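Peer 1: One-letter residues, chain by chain:
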Amino acid sequence: MAADDVRAIRIDAVTAVFTLPNDIAAIEAGRRALFDFLDAGSLGGRVVNRIEVVFEEVVSNIVRHGFAAGSGQSIRVTATAGRDRIVLRFEDDGIAFDPLAAVPRPAAATLAETVLGGLGLPLVRKLAAATYHDRRDDAVEPDGFRVVNDLTVAIARE
Amino acid sequence: MDLTSSEIDGITNVALAGRLDTEGVGAVELAFTATIVPARLPAVIDLGAVSFIGSLGVRLIIGTARALATKGNKLALYGAGEAVAEIIETTGLDELVPVVATQAEALAAVGG
Numbered sequence: 000m001a002a003d004d005v006r007a008i009r010i011d012a013v014t015a016v017f018t019l020p021n022d023i024a025a026i027e028a029g030r031r032a033l034f035d036f037l038d039a040g041s042l043g044g045r046v047v048n049r050i051e052v053v054f055e056e057v058v059s060n061i062v063r064h065g066f067a068a069g070s071g072q073s074i075r076v077t078a079t080a081g082r083d084r085i086v087l088r089f090e091d092d093g094i095a096f097d098p099l100a101a102v103p104r105p106a107a108a109t110l111a112e113t114v115l116g117g118l119g120l121p122l123v124r125k126l127a128a129a130t131y132h133d134r135r136d137d138a139v140e141p142d143g144f145r146v147v148n149d150l151t152v153a154i155a156r157e
Numbered sequence: 000m001d002l003t004s005s006e007i008d009g010i011t012n013v014a015l016a017g018r019l020d021t022e023g024v025g026a027v028e029l030a031f032t033a034t035i036v037p038a039r040l041p042a043v044i045d046l047g048a049v050s051f052i053g054s055l056g057v058r059l060i061i062g063t064a065r066a067l068a069t070k071g072n073k074l075a076l077y078g079a080g081e082a083v084a085e086i087i088e089t090t091g092l093d094e095l096v097p098v099v100a101t102q103a104e105a106l107a108a109v110g111g
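Those protein sequence lines, which keep their order, are chains A and B.
Using numbering that gives the first Met the number 0, the letters of the first sequence correspond one by one to residues 0 to 157.
Using numbering that gives the first Met the number 0, the letters of the second sequence correspond one by one to residues 0 to 111.
Hints in this document: simulated from the structure, not taken from any laboratory.
Computed from a predicted structure; not experimentally measured.
Glycine included, every Cβ here is placed at the ideal spot set by N, Cα and C.
Be careful, since some hints might not be right.
To be verified - Covered stretches of chain B (in silico footprint by chain A; criterion: 3 or more residues with CB under 8 Å from a CB of chain A, positions within the stretch not fixed): (1) 15 to 24; (2) 40 to 49; (3) 99 to 109.
Stated by the list, open to error - In silico EDC-like links for lysine to aspartate or glutamate, alpha-carbon gap of 16 Å or less: (4) B:LYS73 with B:ASP8; (5) A:LYS125 with B:GLU85; (6) B:LYS70 with B:ASP93; (7) B:LYS70 with B:GLU85; (8) A:LYS125 with B:GLU88; (9) B:LYS73 with B:GLU22.
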């Protein structure tokens, strides 16, 4: 699967399901696929940005930490456009990991005290209206997609 | 992701344009730090043409500001649009470096 090979699984009026290859270069292709489905014009700039940040942070975190490089594994993304929320669900078969379990570090008072890294997932939690994680322990779907981690993030419409 | 730089009265001015996402940070990180850190001057960063910033972009700015601070120099950000400003505030970056509206304010923030 090429880095920019996003595969649409199902798209209807309220839901789009697609898979992304395990590759940083796939994030941009995935973002385009997401906004081919979502009507950015109806969402407003702040909501669009929150969706983009959540998508970027979650997918890049899975690619960088969830898989061995070049493993050929993929990430399944389900986007649902609800009346009050946009819901993004990320499923992968990478290393079992609860992204919501980490306790955010206290804010550093000075630059010298700042620890670099670890900003992405706390940022997702702050931007989200709700988050939910389920460890599926190798659940195999009827279509053969194997799921270990299942993260859902809801972003409120304004 | 594009980067242009100049020097204004002994202060490095760097203008970024594009998306500071995973790919954008990868493209600009080396040039960004190489432009700012070895100069050993205060620096101001124009974010007016940055349409997106993620955690890696915030991390790049914090790391660069920290490197400057070890030599007693400051870094300030200016011109961020609404989307970028929200992420700067949400991550607390604005509590670590001055974040202002204009170049003049940024130059004043690092030059004093």
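Peer 1: Any of the earlier hints contradicted here, and which numbers?
Peer 2: Violated: hints 2, 3, 6, 7 and 9.
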